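Line order of the protein sequences matches chains X and V. Here the first sequence is numbered in UniProt numbering, starting from 1 and rising by one per residue. Here the second sequence is numbered in UniProt numbering, starting from 1 and rising by one per residue.
Honestly, I wouldn't trust all of these hints.
Unchecked claim - Which stretches of chain V does chain X cover? Using the computed rule of at least three CB atoms under 8 Å from a CB of chain X, they are:
id : segment
1  : 196–209
2  : 342–351
3  : 371–380
What the hints assert, rightly or not - Okay, the calculated beta carbon distance ranges per label pair:
id : chain 1 : residue 1 : chain 2 : residue 2 : range
4  : X       : P38       : V       : G274      : 29 to 37 Å
5  : X       : V112      : V       : R322      : 39 to 47 Å
6  : V       : R273      : X       : R78       : 52 to 60 Å
7  : X       : R128      : V       : G274      : 31 to 39 Å
8  : X       : D276      : V       : R171      : 55 to 63 Å
9  : V       : V164      : X       : N129      : 37 to 45 Å
10 : V       : P210      : X       : G253      : 37 to 45 Å
11 : V       : P200      : X       : A82       : 37 to 45 Å
12 : X       : R74       : V       : V164      : 53 to 61 Å
Quick caveat, the hints were computed from the structure, so don't treat them as lab data. Here the structure is a predicted model, which is why all the values come from computation and not from measurement. Positions of the beta carbon are idealized from the N, C-alpha and C atoms, including for glycine.
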Amino acid sequence: MASCRRLSGAALREVLGSAQGLLFDCDGVLWAGESAVPGAPELLERLQRSGKAALFVSNNSRRSVAELELRFSRLGFRGVRAEHVFSSALCSALFLRQHLLSGGGAGDGSAVSRVFVLGGEGLRGEVRNAGLRLVGEGEQGAEQVHAVLVGYDDQFTFAKLAQACAYLRDPRCMLVATDPDPWHPLSDGQRTPGTGSLTAAVETASGRKALVVGKPNTYMFDCIVERFGIDPSRTLMVGDRLETDILFGKNCGLSTILTLTGVSRLEEALAYMASDSAAAKDMVPNYYVNSIAELIPGLDE
Amino acid sequence: MNPSLTGYYAGRAWLAAGPPNGLGRPPAAGQPRRVGGGAASRLANESGGSRPRGKAGKGPSGRFRPMGARVGRSAANGSGGGAGFAPKRGEEAMAATGGRRCRRLEGETARAVLANADTLLFDCDGVLWRGEAALSGAPAALGRLAAAGKRLCYVTNNSSRTRVAYTEKLRRLGFPPAEPRHVFGSAFCAARYLRQALPPGAAAYVLGSPALAAELEAAGIPHLGPGPAALPGPAPADWAQAPLEPAVRAVLVGFDEHFSYAKLCQALRYLLRGPDCLLVGTNRDHRLPLEGGSAIPGTGCLVKAVETAAEREAFIVGKPSRYIFDCVASEFDIDPARTIMVGDRLDTDILMGNTCGLTTLLTLTGVSTLEEVRGHQESDCPARQSLVPDYYVDSIADLLPALED
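Next up, chain X with everything else stripped away, as it sits in the complex:
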């Protein structure tokens, strides 16, 4: 089991020294709301100069990767391109494309794959970019719907829930969720419901289990490996949420660093460490830092 050690000094230099690259979660790691975490842009710059890769893996399904690229730039992070960013919106679209458009196809012989998306414009755009057709809200057409995709949907309604369930009566219609997050923090300390809560409603109504694309499941790592071919044994996962980021790292064979600028508290990591449950132990990070700025001294000048 990982030991949740504070990462500093010689251990920090050794861990970063031997790493070829780092995967970063975004919310609560690089930024909180509209403010970059102090020192985070500098860390990324130093990683670039040290020749280490920095890639980004986020469960947030609100934004397209194009929008995320702009966000990085606006918050002071330089040199981050859309191709470095793996959001659950992008990866859900890739997942649907893979399962609906390739070999297995739509299953009904039709050339076009139609997806009912519960989510905002960022998610819808990624699905379109992947070559899939979107079903409109309230649409009653006779054409088959091949998948229901549940993402962060702040316009979720009972009517949309009922519409999703109607499509899911066909066992060939897939149920996919962008991420399992039950809630997200707001900048004033409150919480807003996450995709996980909406997915729970759809699962309960339809009697189906969703295929969850986002962390802690490993599909997003498969996407990263396919595009960049990284070596898990030389890659670190940096995140703020034990149940997603750290478990994701464990599932993908990465060493994990918890940063305390986001959702999870150190006490929670220690509680998992003290538990008897194997599942809980998998959420203990190898290391923790108070903020990712603390990683900077681990890099050569």
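Starting from the known structure of chain X, fit chain V onto it as the hints suggest.
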């Protein structure tokens, strides 16, 4: 490259303390468990073969405890359960006698069973009527039962009608006259629960129907929430700034066709505002069947959304919870041994009846099938055994011959 279905909720379920009302930790009925520890107890529930049997009433491992009112659909899926609350003495005794037999109720047996009962509790949808049409023979059967001096009560999870509206529907469809006090809907019972559980003057934030609001009104509980959300702006950031009503000390989730992300947001804000804000749900039904075989999402979906966002479990007043039966028992002098529960759903009606020590009668005019019953009977899982009724009929019209003088 299929996503692995790792148990995300494994850790959160472990970390979450039991709900304040002490009902136990496992996920709600209807969700196959994904808790790491649950996998082990699932094996314990189903294996039967390789582990030594504990005392009668306990599972094969000797450690499993029947989950009673919390089992619901998870048992129906064969995933059994896990740690729950310890069985009440009645449950253990019933399990020890080897399980119920689901015999067809007819002939002399029917005469004897009905003669031996003082009170019959009826679920409504799928038992007495479908939509706006009474099931053939049902009004006549209830008429005979009433004429024979039986007490008839109506126990329904539907939170979209008031008790008065139910009496009107019963009258309209030709059933014997009933007073509101004979009707125990989940809306009424939720209001009753809140009246007992809330401090005086405390209010409830309600995701629910006008009927639910009316029952709260009748119970003297201040409330806000029914209807479309009144939004102070277009974005969640705006909604999170809307003022919260200081008096709210409970969130109540019932059937709500105006359910939306914005209302879910508000519910979450109230639940997080103070440690003693109650979370109550009227019932966990997944689906409301409609005429023609289709269905709309049920209250259980909305309860699950709130529970997931808030990372805590709701107190459920409706079947199969004991609470709704306790409401009946506090209104009338009920002897469980002389009471029959008649229903069409194994995981609500029959489960409640069994755990409350009633005689249970399944009618096949609604949701559950005999095949499902046989599946539960043949399983080794005590939780699934709790879903097996004592008797069944094709429809309650089948009781008519036994009621002839």
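* Any of the earlier hints contradicted here, and which numbers? -> Violated: hints 1, 2, 3, 5, 6, 7, 9, 10, 11.
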